[in-house]
Amino acid sequence: MSDKPREQWGSRIGLILAMAGNAVGLGNFLRFPRQAVENGGGTFMIPYFVAFLLVGIPLMWIEWGVGRHGGLRGHGSVPGMFESLWKHPVAKYLGVLGLFMPLVVLIYYCYIESWTLAWTFFSATGATQGLDQDGMRGFLSSYQNLSDPSVHAVWTPFLFFFITLFVNIWVVSRGLSAGIEKLAKIGMPILFIFAAILVIRVLSLPGHAVADATGCIGAAAGTCSPTDGLNFMFTPDWSALGNAKVWLAAAGQIFFTLSVGMGSLQAYASYLKKKDDLTLSGVATCATNETAEVVLGGSLAIPAVVTFFGVTGAVAISKAGGFDLGFVAMPLVFNQLPGGQIMTVAAGVMWFGLLFFAGITSSVSMATPVMSFLEENFGWTRKQSGFGIGALALALGLLHIVFYQGGFLDEWDYWAGTFGLVILALVETILFVWVFGPDNMWRELHEGAALQLPRFFKFVMTYITPVFLLVMMGWWTVTEAIPTLMMEGKPEAEHATRWASRGVMLALLVAQLLLIRAAWRRRAARKEVVT
Amino acid sequence: MNPTALIFMIAAWTFVLGLAGWSFYRLMRSPQDEKLPPPGSIP
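Chains as they are written, first to last, in the working numbering: chain A, 20 to 550; chain B, 1085 to 1127.
Among these hints, one or two may not hold up.
Example chain A residues on the side facing chain B (calculated, C-beta under 7 Å, incomplete) [to be verified]:
| no. | residue |
| --- | --- |
| 1 | G61 |
| 2 | I209 |
| 3 | P255 |
| 4 | A303 |
| 5 | V313 |
| 6 | V314 |
| 7 | H465 |
Chain A regions said to be covered by chain B (calculated; three or more residues, Cβ under 8 Å) [unchecked claim]:
| no. | stretch |
| --- | --- |
| 8 | 242-254 |
| 9 | 289-300 |
| 10 | 305-311 |
Hints are computed from structural coordinates only; laboratory data are not their basis.
Predicted, not measured: the structure shown is a model, and the values here were computed from it.
Note that CB positions come from ideal geometry on N, CA and C, so glycine has one too.
Isolated chain A (complex conformation):
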């Protein structure tokens, strides 16, 4: 462990905005509305909020607690944090998940984030104006597929990826307070302002004639309105409550939206002081994220798309995926907004701008755990670790750009960005609650607390949250992980790329395990005792 004094957050509001910025991401605006409409509409909100109380908030407190406990002992990443909770040689190796996941997700997330930067530029220059649905889909497809230069030059995605990655690395290299905290203080208000303006504009749209107005209030006249979109989002389907799949989808959404199980919240929390509040700040972070998701995310894409494509069209777009919703349907909506070219440009810049800020405030957090690990164990400076990770992300990010169509990114997104998160969350919950002990966990959370938690939550964190996570992991293993591993339903032509993608991930995992071994050997050589 390094002898240098650890950095600290400049202010409490800066910390909460950075934590919330970590949580608020593309999923709040693209994944949540799709999950809601596909899982019972208004009824989805019941399992969603139950999961929020039983899994979301408890995991947020657990990660803050694990992070601060480790940080006070000089550990800014999960391997050391786990060892400080469980004095066993295996603990640090289990912590590899807290290095592997954020690094893997950072690399492909930066590529997706670079699309939002590119589309902000395309919107500002009017490149997407006048395109119909096929044209807009071709516009996206040409960007994703290097062998289709019909719209974009081959170098275009590389350029935006390079810029996005550079901005990310520049921010994290400036340090905690001058980089990450400052970005959150600027980016989060811009995100909320852009989203609020767009929500007001979308919800005040007049009815619009659509090809198929089935399910809309104005169906007889062939028109749909934003109200139909809200009806579509929030009308309850009571039969969904008896469906286990809906409950697990809700728990999964809560999991992803709060960015738990990643290793980045713990890294941020490691910079807290002994008497800093965890409990109330954790609630404020969750509440900020939920406001962005339920109030803003739920009132944007679906109401806008239903107004211009009807409920039937919205279902088809939603089933095509979040990228179609965000990068095809929304620009088409903006092209049809009353107010002419200026409104189209303004709405496009605000939509993709808010997605970019949602993305970058999350991606900088993913770089933090590995940077802290390198700095604390190998004596790297902030700039060295930032640009070192940047170079690795650049090299591996290029593979995503080149092999995107072959499913290279899909594999990383599933194994590290979806399934792996539940494993880390389960392991850390067991270590913090069961191995460290429920009483120690409770005491740790209340050190400097501004909010005394009801004892009900001690019971929840001890029993309910781990069981919920176990059920989620078991369900996903059977329904998704095994079929994904066997590449069921994937075209034969993609198999080689997907295996190569898994090979690269495995190599990263092994390299990080070796790094952990090397780090602990260095510590042993310095006769350090982990407290």
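Use these hints to put chain B onto chain A, whose structure you have.
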């Protein structure tokens, strides 16, 4: 708007906005970091 959809929407919005308002109000009321007295002010 469909009354049941409206109820669900208002309930969801009230919950998250209420939680956000309450938590930030409590944060603003709770004391900030303890500030050490300026150097030399303690005899």
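Verification of the hints:
| no. | hint | verdict |
| --- | --- | --- |
| 1 | G61 | holds (3 Å) |
| 2 | I209 | violated (18 Å) |
| 3 | P255 | holds (6 Å) |
| 4 | A303 | holds (4 Å) |
| 5 | V313 | holds (5 Å) |
| 6 | V314 | holds (5 Å) |
| 7 | H465 | violated (14 Å) |
| 8 | 242-254 | holds (count 6) |
| 9 | 289-300 | holds (count 6) |
| 10 | 305-311 | holds (count 5) |
When held up to the earlier numbered hints, the structure conflicts with 2 and 7 and fits the remainder.
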